[in-house]
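Residue numbers (our numbering), protein chains in the order written: chain A, 9 to 148; chain B, 218 to 355.
No lab work stands behind these hints: they were computed from the structure. For glycine and all other residues, C-beta sits at the position ideal for the given N, C-alpha and C.
To give an idea of the chain B side of the interface with chain A (calculated C-beta under 8 Å), a few residues:
{"hint": "1", "residue": "G239"}
{"hint": "2", "residue": "A240"}
{"hint": "3", "residue": "H242"}
{"hint": "4", "residue": "R245"}
{"hint": "5", "residue": "S246"}
{"hint": "6", "residue": "T248"}
{"hint": "7", "residue": "G249"}
{"hint": "8", "residue": "M252"}
{"hint": "9", "residue": "W264"}
{"hint": "10", "residue": "S265"}
{"hint": "11", "residue": "P266"}
{"hint": "12", "residue": "G272"}
{"hint": "13", "residue": "L275"}
{"hint": "14", "residue": "V277"}
Simulated DEER-style distance windows between Cβ atoms:
{"hint": "15", "chain 1": "B", "residue 1": "C339", "chain 2": "A", "residue 2": "V16", "range": "46 to 56 Å"}
{"hint": "16", "chain 1": "B", "residue 1": "I333", "chain 2": "A", "residue 2": "D54", "range": "38 to 48 Å"}
{"hint": "17", "chain 1": "A", "residue 1": "A100", "chain 2": "B", "residue 2": "R251", "range": "19 to 29 Å"}
Short, incomplete list of chain A residues facing chain B, as computed with Cβ under 8 Å:
{"hint": "18", "residue": "A126"}
{"hint": "19", "residue": "F128"}
{"hint": "20", "residue": "T130"}
{"hint": "21", "residue": "N132"}
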Amino acid sequence: MREREVEVVWRSTFGNKSISMILNQDRYNVFVAVDRSNLVCLDSRDGSVKWTAPSLSYPVPSPISAIGLGPAAPATVFVASRDRTVRAINKANGQVMWTYFTVGIVTDAPVLSPDGYAVFFTDNNGTSHVQTSPFLMVGW
Amino acid sequence: MCRSPALPSYLISAPFLPLSPGAVHAVRSATGDRMWAYTPGDRHLIWSPLLSPDGGSLYVMSSATGTIYAMRTRDGSMIGISPGTGKEADGEVLSSPSLGGNGRILYVPTDKRSAIKAIDTCESLVVQHLSIQSYFMV
Numbered sequence: 009m010r011e012r013e014v015e016v017v018w019r020s021t022f023g024n025k026s027i028s029m030i031l032n033q034d035r036y037n038v039f040v041a042v043d044r045s046n047l048v049c050l051d052s053r054d055g056s057v058k059w060t061a062p063s064l065s066y067p068v069p070s071p072i073s074a075i076g077l078g079p080a081a082p083a084t085v086f087v088a089s090r091d092r093t094v095r096a097i098n099k100a101n102g103q104v105m106w107t108y109f110t111v112g113i114v115t116d117a118p119v120l121s122p123d124g125y126a127v128f129f130t131d132n133n134g135t136s137h138v139q140t141s142p143f144l145m146v147g148w
Numbered sequence: 218m219c220r221s222p223a224l225p226s227y228l229i230s231a232p233f234l235p236l237s238p239g240a241v242h243a244v245r246s247a248t249g250d251r252m253w254a255y256t257p258g259d260r261h262l263i264w265s266p267l268l269s270p271d272g273g274s275l276y277v278m279s280s281a282t283g284t285i286y287a288m289r290t291r292d293g294s295m296i297g298i299s300p301g302t303g304k305e306a307d308g309e310v311l312s313s314p315s316l317g318g319n320g321r322i323l324y325v326p327t328d329k330r331s332a333i334k335a336i337d338t339c340e341s342l343v344v345q346h347l348s349i350q351s352y353f354m355v
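The shape of chain A in the complex, shown without the other chains (with noise of 0.2 Å):
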């Protein structure tokens, strides 16, 4: 396969580390974990940021998007936090529309139903892990 020189389009800083990140379906928005702080929805085409989902603490590792089909698609990125909370953020503007509290730690990824209708994910005692899910791309 032959190499290819590839160029960096846009480049986007923030404050705290980024965990993870995934390209909505749409390919417009790009959503960034970011450690410690918050879930943030970028314009894929210049890096501005389009909103910033507020109080989200130790987000886990690659947020989920709905995947046009349900009751809460596509308007509804689904994200895990280490704070012991799975929350259901509206794509448009941010801000939370859900947010269901577990006993333990949801230390991966919730996961969505082919039909948009459920969200899956288990919590469990802290145990934590060095692997990262695979981002899960819809669309791509």
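Once you've looked at the hints, dock chain B against the given chain A.
Relative to the frame of chain A, chain B by itself:
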């Protein structure tokens, strides 16, 4: 839905907090209402759950034993359990499992002899250990 208040992030790892028994949660995506929750009695549930291609089955893994729990997504009822034999025998589970294209064979990467364990989800049997030479080195 559990209504307990959110905890400050600095308390997350505090030792006096109750440990979770480890549960699988199904929540309505539109409202956040709980559909069901299943507690298998395993505190070491890790990785994102894995959905079958038709969305009818959900697979959840334990990091401590390698046990895989299979349940129905509609109500959380148990389909079956593929018991692991622990880290000593099976090795540590390295990553989230994956389903083969036909949705029947579940592939579980472990660090024991750098193997991938293939499990027939219809029979709950380990059908093959696929050895690889080393970790994926870059």
